[in-house]
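Chemist: Sequences listed follow chains A and B, in order. Heads up, our numbering is the position in the first sequence plus 7, with the first residue counted as 1. Heads up, our numbering is the position in the second sequence plus 6, with the first residue counted as 1.
None of these hints come from the bench; they were simulated from the model. Source: prediction; values computed, not measured. Treat the hints with caution; some may be incorrect.
[To be verified] List of simulated lysine-lysine pairs, BS3-like, C-alpha gap at most 27 Å: (1) A:K142 / B:K408; (2) B:K25 / B:K39; (3) A:K174 / A:K132; (4) B:K25 / A:K142; (5) A:K142 / B:K305; (6) B:K39 / A:K106; (7) B:K206 / A:K153; (8) B:K288 / B:K206; (9) A:K106 / B:K313; (10) B:K367 / B:K388.
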Amino acid sequence: MENEDFTEGVRTSFSFLSESLAQEYFADLNIELLRGRHVTNDQYYLFQLLTQFQKDLSHYYQSLYGLELVEGIVGERRFYYLDFPEEGRGRLNTNSRSKDLTVIQTVYGLMLLDMFYDRYFENPKEIRFKDIEYKVMQGENSTLYKKLLFGEVRESYSNLEWTNPIKSIKSVIRDFEKLGWVKKQSNGDGEEIHFIIKEPILRFQRLYEKEIDSFEEFVETYKQQKS
Amino acid sequence: MSQLLKNVNELYKNLILTKEQGMIIFVLHRRVKDKEIPRYFSYRDIERAISEASDNEPGALPQTERILKVLLHYFIEHPPRQRNKFMLTDYAVKFIELIRDKLDSPYKRFPLRKTFEQYAQFKADSIENINDFRGWYERGFHKATKQTILDHLDALKDEVNASIGELNSILNQDFEKAIEIAEKFTTVFNRIGEKTEEIKDTLRLENVLDQEVQSVVDMYYKRLESYKHPESEGEKQEFYSIKSEYEEALRIKKSVSDFFLRVDERLAQLTEKALFASSQLKNLQNNFRSHSRFRIHLKRFLEFTLKEAVFTKDGSTLPEKFPRKSIPHEEFKFINVPYYDSFITQQNEVIPAVIDEEYAKQENLKVERELLRQENSAKLVKKYKNIIREQKELDFTDHFYKILREEEDTEIALNVGFELFQFANSHPDYKINIRKEFPSERNFENIWTWRMKILQKG
């Protein structure tokens with residue numbers, strides 16, 4: 008369908024924009040993608056637009072923004088997002104147009120990725136506060152988590168001491184939801200932490216793929232650079 | 007608070023045991039079963055059980071007296087006429103069985119289809135009255151059939167969840183072990199599949215049950231429908247009793263079909279879970295080695311990152327050299343400034359009306375014409391009244407046309423005529439004579455009148 012669109016016999020690069028699906032949903036899709044969102048099939052129409060005009064949209068982002076439209080495949084599921092090309096940052100090369108993941112986002116991103124694999128055979132991969140609490144209080148990296156979140160290692164922490172870690176977890180969940188990596192199951196700030204980890208969390212994995220894949224090599228270079 | 011809640015609140019500690027107390031009951035039960043101690047055991051046996059139960063627990067050995075005080079009543083009692091001996095209560099045995107069944111459900115090995123077939127052999131013609139039907143529902147369906155299916159479903163749920171839980175650990179295993187586990191799970195999933203099929207089969211049997219239940223309901227409906235219109239008090243009572251029996255039968259039917267609907271939903275949920283896990287397993291089998299390697303590296307990278315990150319009061323930090331990642335991100339915000347007409351308060355001034363000269367002139371003319379018309383009418387009325395008085399009669403028809411001609415205003419002619427005839431009609435000295443013939447003068451084609459005369463009486 009996407010290749011059958013001719014105007015006066017000549018196929019123009021952006022003619023897909025005049026298709027009715029694009030007319031209706033392109034603006035939303037464009038904003039979502041440029042905001043860093045990973046689109047999955049739960050955003051039905053945006054996903055439809057992406058699957059129907061994938062080639063045209065790739066060309067659009069490549070030629071106008073210098074960005075790559077990437078298709079992530081996990082088993083039978085797919086998701087789409089924009090990424091920088093290998094050689095630079097395209098038109099979004101000013102700092103205001105890209106976002107560094109914060110330290111806490113990086114740490115929780117790794118924690119959630121680990122939890123994603125912990126639940127590899129489960130669907131949906133549901134996380135509640137008690138799961139995070141278990142990781143921190145009794146999990147294999149308990150001591151390290153405790154040190155990082157509370158500054159000292161103890162048997163237990165008061166509710167007051169938990170306030171800041173809970174606040175930061177909630178803010179990371181909020182940010183990750185905007186990216187489409189998780190989906191909150193409860194609304195409102197007062198409510199318990201409860202969300203689903205979605206397949207696009209694998210984008211986070213992709214960001215650190217080199218470091219994880221060749222872990223020994225990475226540690227060696229890192230230590231050299233540090234000293 | 008209801009009485010039951012009050013009782014539970016008061017006796018909870020004695021009814022539900024702590025882990026320490028519960029383990030002692032389990033040890034005592036096992037020892038009796040294995041004939042290590044007699045059914046009526048001694049105080050010394052309890053002490054030994056306490057010691058065995060706390061073998062794996064840190065801390066001091068719990069006091070026998072203190073423990074016995076809690077257990078003695080609901081869980082341990084004295085056998086008849088033997089005050090120095092003890093035995094487990096029926097409640098204690100039920101408690102143990104409940105937990106054992108939850109952990110290792112007998113339904114996993116229990117042919118559901120067979121038991122259900124038995125229950126589904128419910129026949130509508132065996133129901134003679136509503137008590138029979140209610141009895142079947144409460145004892146046969148609610149307590150037996152429904153419970154059996156729920157227990158089977160529960161057992162299946164536990165099995166699916168336990169299998170998935172075990173599978174989740176597969177990625178942490180070394181390669182040889184993992185392959186072994188994966189192979190084992192292929193059979194596990196086949197078994198789950200079979201079990202699901204079996205439960206689905208029972209749902210098909212439900213149709214048979216459904217038909218029978220429906221014919222009971224139909225029977226009550228027919229009875230209600232064929233009842234004649236109730237008139238006497240007795241008939242009314244009988245009618246309402248049939249009606250309430252029909253309604254109860256309907257409620258039972260709804261409850262039965264709602265139950266099967268829920269079972270269907272829960273089954274679908276479990277099947278979906280099992281299918282996902284099994285397809286993940288299939289995906290994994292092909293590239294297990296790389297997945298497992300990645301998983302180990304991910305764990306090491308996570309640990310490394312956690313070691314590198316440092317706690318500060320303002321949040322965590324990572325060393326500058328630690329690779330930080332970024333993603334495309336352009337914030338879209340349209341700042342919407344509300345539009346105001348003016349920032350100064352507007353004064354409300356009175357705007358003087360502009361005079362439309364032309365219109366005023368027209369209106370004045372209209373008024374003048376009206377006044378003139380009234381004046382002329384009055385003059386003419388006066389004139390004709392005099393004529394009537396002097397000449398004793400007046401043929402108004404000719405005068406009517408005369409006025410029309412002279413004044414060129416139908417309004418005046420009509421007004422004069424109207425007033426004159428009204429005057430003559432109400433005056434005792436005059437009478438009116440109207441002949442229904444048209445006048446000879448036809449100049450005014452558009453206004454015709456009968457021949458009208460006013461005459462003085464006598």
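Chemist: Hint by hint, note whether the structure agrees.
Modeler: Checked hints:
no.: 1; hint: A:K142 / B:K408; verdict: violated (119 Å)
no.: 2; hint: B:K25 / B:K39; verdict: holds (21 Å)
no.: 3; hint: A:K174 / A:K132; verdict: holds (22 Å)
no.: 4; hint: B:K25 / A:K142; verdict: holds (24 Å)
no.: 5; hint: A:K142 / B:K305; verdict: holds (13 Å)
no.: 6; hint: B:K39 / A:K106; verdict: violated (67 Å)
no.: 7; hint: B:K206 / A:K153; verdict: violated (48 Å)
no.: 8; hint: B:K288 / B:K206; verdict: holds (25 Å)
no.: 9; hint: A:K106 / B:K313; verdict: holds (24 Å)
no.: 10; hint: B:K367 / B:K388; verdict: violated (32 Å)
When held up to the earlier numbered hints, the structure conflicts with 1, 6, 7 and 10 and fits the remainder.
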